[in-house]
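Make a model of the complete structure from these sequences and hints.
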Amino acid sequence: MMLTLLQDNLDYLLWGNLAQGQPGGLLLTVGISLAAGVLATLGGLAGGIALTMGSPRLKRSLTVLVQVLRAIPVLMLIFWCYFLLPILFGIDIPGVLTVIAALALINAAYLSQSVQAGIAAIGKGQWMAGAALGMTRWQTLRHIILPPALRHMLPSFINQWITLLKDSSLAYVVGVAEFTFVATQINNREQVYPLQVFGIVAIAYLLLCSGLEWSGRRLAGNSR
Amino acid sequence: MKTPSLLLALTLLGTAGHALADRLDDIKKAGVLRVAAFDSNPPFGFLDAKTHQISGLDVEVAQAIASKLKVKLELVPTNPANRIPLLVAGKADLVAANFTVTEERKKQVDFSLPYFASGQQFIARKGSLSKPEQLAGLRVGVDKGTTQEIYLREKYSKTTVVAYDDTPLAFTALRNGNVQAISQDGSKLAALLANAPDKAKYELAPFTLTREYQAIGLPKGEARLTKVVNETLLELEKSGQAHKIYDRWFGPGTKAPLPRDFKIGDAV
Amino acid sequence: MTPPSWLGQGWLAPHYLGWLLHGAAMTAALALCVSLAATLLGILLCAAQDSPLRALYWPAHLFCSLHRNTPLLVQVLLWYFGAGGLLPDVTMQWLNTPHQWALPLGFSLDWPSFEWLAAWLALSLYSASFISAELAAGLNTVARGQKLAARALGMSEWQIFRFIVLPQALRVIRQPLLGQYTAVIKNTSLTMVIGVAELSYTSRQVESETLLAFQAFAVATLLYLLLVIGTQLAGSRQANGAPDA
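Chains as they are written, first to last, in the numbering used here: chain A, 5 to 228; chain L, -8 to 259; chain F, 353 to 597.
Source of the hints: derived by calculation from the structure; they are not laboratory data.
Predicted model only: the values in this text are computed from it and were never measured.
Even glycine gets a Cβ: it sits at the ideal position worked out from N, Cα and C.
Just so you know, not all the hints are guaranteed correct.
Facing chain A, according to a computed beta carbon distance under 8 angstroms, are these residues of chain F, among others [claimed, not checked]:
hint: 1; residue: Asn421
hint: 2; residue: Thr422
hint: 3; residue: Pro423
hint: 4; residue: Val426
hint: 5; residue: Leu430
hint: 6; residue: Gly434
hint: 7; residue: Gly437
hint: 8; residue: Lys538
hint: 9; residue: Ile581
Here it is as structure tokens:
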């Protein structure tokens, strides 16, 4: 049963209606995750550095923003970005982009805290050493603090990317045709095989996330 | 109180963008009509097994409107609960998704002339549900954000209403025994049952609770767009095309035949 | 000035606020039950993965990576909609029938709905795999030298665990554990897809009934903020105490 189910729907599960210019399925899941992952990483780095180097006022407002973002379920944030931003500002952003924005925003908030903690974990002595060498605070950050700090942070970055990949499934609630959504469409049509359909979906995510975890570990191992 | 002033500021930003635009011009300029349609509710809107495209009765009506406007049709998949938000947020120009006309909804969106009529019915295990009084004490599955959900909650307070994202998911809950019946439009349920591999175990309960009319949903205040949609619908009826579309999905040769007892223009 | 179109017909009627509060209570109750079960299971999983016995290590390890590396949404859908294919009909029937237990003093305990059970199970298994990882990380922070020193002082293994390892580990894992409990609160929102009447579900219910999307989501978001930040504050105030569930 599982085989025919997979055979009949494999192309749709993998890339949606790509031939008609509407990528979907696993391809869209990977696309959303990659885009949001890059944005979240950049945002997290910028946020973490700002939380370290910024003026007290900037730090305070950033901290509040990060805390609020961390306290809202991703589902709610997606609702906000998808349905309410267009109403509030009269701009229409395609569904895929709003999901990318929501995921990037929330993961950047998490990452900026990891980056801040990673920088803080590098001892005060290193900053003083930089100062003794006549470096400015920014030069010290760039050349002395960040390289080891980033190495230490790598595991938490990898964890966050995995979280993001999994959370991209929430695009389901707003009808963006990523993997989980496409799978529920098929489940709704086939009607009597929910266990098989969602089983296949779980296995696919498992392979993706485990692959990411494994290559992340290797990367972390090599950079030591 | 800080919030109201913030809201006010956001509103000014928001309304400024909307006031001048006319959706009909926008659609013609873009060359694309974006219509929210069901993707899991045959025969109104569903994913075709072979083409992987959304098709169905609602889609054919939407296609007729797009053809009339001489623009390309783009379908936005929706479940029941997302229909109004999609329209209000401007993610779709029209909703063609078995959309029931209600007074409450008229406050948020506009409706075209109805092009379909049906009533609220139930699917249950064979012989388990024959009259409305039996609903008391049952757990009934519905779709989030439908008139059926609201009607049951208001009129049948002894019934436990459990809302799912879509009718086939509610049917799965019925199969698992999590609910004892599911409720939706009769026409939708008949088609769902006809497509179910295990249809022998279930039946459409022999009573109808309400008479409902389904129409195209439009953004508020788009008079020109509404006019074009209504004209298209009336033309469909006059040319006999509406009957043909109906027969294609509910005619004698289909899986769930249902006599046509409503013509476009019968109700406003 | 006319009211803004997207604000619709003003503010939410009081009984809709009641629905949302009810949803928030459901969220809190579900999160509490999940946190309790997940902590217990997490301790077991952590102990099993710490064990030199392969027969204990591998199943626990597999369980954790299986649950950590699949989306919670898919797990929730699988447990709820797939249960009919997993469990025999008799079991499904029993699970779906209301049972009632009489408690002393005239109280009675109602059998929860199947939605609730599936949600609780899915969330507990998922969260336990994360909690076990936090626990393992906490135990590892206690330096090996300290255990050796304690042993040299003649302490038993239990005494070493109770007086040397546990107090230090608890201090280290308090914050991460608290993070997991707040994650549980947020994750309960996903159970709306299987019809659990928690906060996100009720917010959409209010939205579909009143069509006041902005108000419904705003109140729900505020309630989530209160629940999560309240838990964080309560957790960090508990100086040196055991982490609360």
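Each hint tested on the structure:
1. Asn421: Holds, because the Cβ-Cβ distance from Asn421 of chain F to chain A comes to roughly 4 angstroms (cut-off 8 angstroms).
2. Thr422: Hint on Thr422 of chain F: holds, closest Cβ of chain A at ~5 angstroms, below 8 angstroms.
3. Pro423: holds, 4 angstroms
4. Val426: The hint holds - Val426 of chain F has a Cβ within 8 angstroms of chain A, the shortest such distance being about 5 angstroms.
5. Leu430: holds, 4 angstroms
6. Gly434: holds, 4 angstroms
7. Gly437: Since the shortest Cβ distance to chain A is 4 angstroms, the answer is holds.
8. Lys538: With Cβ-Cβ at 4 angstroms, under 8 angstroms, it holds.
9. Ile581: holds, 6 angstroms
When each numbered hint is compared with the structure, no violation occurs for any of them.
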